[in-house]
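Chains as they are written, first to last, in our numbering: chain A, -13 to 525; chain B, 1117 to 1442.
What the hints contain is simulated information worked out from the structure, not anything from laboratory work.
Every value quoted in this text rests on a predicted model; they were computed, and no experiment measured them.
One or more hints might be untrue.
To be verified - Covered by chain B, per the in silico footprint, the following chain A stretches (three or more residues, Cβ under 8 Å):
1) 15 to 26
2) 76 to 85
3) 142 to 154
4) 452 to 464
Claimed, not checked - Chain B is nowhere near these chain A residues, computed Cβ spacing over 10 Å in every case:
5) Lys46
6) Glu258
7) Arg449
Every residue, glycine too, gets a C-beta built ideally from N, C-alpha and C.
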Amino acid sequence: MTNEPGDRNEILLEMRDIRIDGFSDEQWHPIIKGVDLTLRRGEIMGLIGESGAGKSTLGKAAMGYTQPGCKLTGGSILFDGIDLARARDREKRRLWGTRIAYVAQSAAASFNPAHRLIDQTVEAANRRGLRPDAESRADAVELFKALQLPNPETIGSRYPHQVSGGQLQRIMTAMAMSPRPDLIIFDEPTTALDVTTQVEVLSAMRNIVEEFNTAAIYITHDLAVVAQMADFIKVLRYGEEVEQAPTRQMLTRPEQPYTKSLWSVRALEKPEVKGEDIVLSIDHVDAAYGPIKVLHDVNISIPRGRTVAVVGESGSGKSTTARVITGLLPPLSGSVSFNGEPLPAALKDRSKDQLQKIQMIYQMADTAMNPRQTVEEIIGRPLEFYLGLTGKAREARVIKLLEMIELDESFMDRLPSELSGGQKQRICIARALAANPEVIICDEVTSALDQIVQEGILQLLLRLQKEYNITYLFITHDIATVKAISDEIVVMLQGKVVEQGLKSEILSPPFPDYTKLLLSSVPEMDPDWLTNLLAARNS
Amino acid sequence: MNAVLATILKRLGLGFATLVVVSAIIFSSVSMLPGDFGQAVLGQSATEETVAAFRKELGLDKPAPVRYFEWAASVLQGDLGTSFSGRNASGQDRSRQVVDLVMPRLWNTLFLAGVTALIAVPLALFLGLTAALYRNSAYDRAVNAATLTTISTPEFFVAYILILFLASLWPVFPSLANIDASTALGERLYRVALPALTLTLVIVAHMMRMTRAAIINLLASPYIEMARLKGASQSEIILKHALPNAWAPIATVIAFNLAYLVVGVVVVEVVFVYPGIGQLMVDAVTSRDIPVVQACALIFAATYILLNLTADIIGIVTNPRLLHPR
């Protein structure tokens, strides 16, 4: 339990040649293929890689835990002299929650809905009788204070559904911290949060880990985030280590081509072009879900052949705006005009022609496709519905569309389940293109994808725009994506438009307060970014 | 808390509305029973005038809607009417109030149901939780196989097997469960032992399997993994982290089985000659004693509605999202 600064060089965790198999498609596949990992007391290691790289599996293995459906097939995990790979369950349980703690990605799902937060916070410490219950509770309140939670004295008596996601994530950090562990595994703890919330959570976590000199493994796919937290970074791919280096060296001089490609994604930036000819305009729109009003006097105009990015936190009304434009949610007042003519408010009142001209691509390509239809049926449907193409003509057009999205006709007979995440999103793009639209609404289309795949999708969208003069309304919360693709930016907050303008205008001073907060909260690939930001905000 | 109270009152109101609809259905389906009570009592030789006079005396000559509203109004005042049997055309009236016929039988049924529930519910919960705890072990498989066997066997067969072993070969319990109002509590318990045991074997499987499934279903949740990574033991995970979130489905299936104990046990009553309400209703249907049939059916419907309502309320009060709104 004691973390004297003096033993900082002492090795806390040493994993050698870890091999883990996972069970899927009726057989065992290797997930982790012989990874080594060494962590000293008080050190923070960043573990990055794309989804499926095995980061989470390796992180949990550091606790001696493998999820159901996975098994450790080789290697040793020495934690403070105890081999967790061979330890019995009872022995591991004595360490879990007291000397090694875990912070999960989705705090909302990882708190038991039936118990009060304070009870869950002190549960692990109390189980081993580390302290009297009253002391644990008083200590938890202190941790809540240190993590800058509102009402630290009383927030613990609430239930998980009664506090926000960012607060839950901080309470989960307090829960991990409560028994003063030697090691914390942070498993993508801020991925589900908005950028503005992420900054608060990151700084709170970093402070508390520093204060108690706790060692940590920080798992994420976001390079800029890990740069703020970690002393050194390990890059994983396909269950193997790509490279490992101290954070600064890794950011400035990555050695492996794969690491370099991860870094380069953020460099994508499209030069902005001003547009004059307004294709779609939203005028004074108010909209509500039942009694809850979500849009207040929204005005947006979208020039032809350009990309307008709508940015804002979750709940700011971005997706609702898209629903109003498509007619899924008729507005309370105000109107949407297309090529100068007002569109009927409700979907059912619009003509086929009007429907055809505005298409939509969704965040979750998985759920936006019928899992029982082949790619040919998915893309062919709008061809038949809008353009009346059938038989050979339809088939030829589907092949042409597949070529446009850089796939080939071998994909025609595949089902969505046989495609990768990036391929699925490409099929969704082809389906939108099939209708020959003038405007495509892209709702967070890259948020569910890995960074390298994201870049491919964004490049594709840009190329299509250039070739076919398509207009995009691009909804996103990711500023890097905005820089990559947009001509104009609309900033939204709580159902209102904060500002709209050319990218260069919005992204350069002077900023309205909210835009400034939003932009400054986007992590940068600079290890000192968070420190500098907090210093600037406090002064 | 007030929101919960409001929900409960709303559910009670809905339950009452359901009961009204059901009463109409009961009334019209009883009216559609083949045969005529007057004809049945007076025999084939009765003249048409006698039958008509008898029908008039019973009020059967009035149109159906009028009879329904008269019946419904008196039920609301606690009067279930007068039994048809015991009357005869000679003018001598030995008929009894339906309430007097039904109430003792209902008490007997509730007594048997209560005794069974006291054994079966804790047993099913215990077996379900332990089966979830030792999932896929020999114990789990044995419990599953045993309960499946008892639920797949017809209940009269289970009853006769128990009689064979526990009343005939080793006479521990009596094979007849005939009790009346004067039977003392200890004697009552002794006599209902075999029927209660039979019913326990019949209903335990369903509740036990649902408990096991509800718990196992939750074991895949992230918060269960979190509890495990906080060092909780398997039994702590099941009792402290899974069970509090599993009450709603478990309560539903318990309510369903308790309702069965009240309304569906006529076969067991017959085997053990137990004077329950199921036998009363079967007898009343045979003799076309319409007021008794209607009263029994109404009691059965109310039992279902009330028990399901209770399950819903348990589902609400064990859900912190409803109990502690934001």
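- Item | Indices of hints not satisfied (ascending) | 1, 4 and 5
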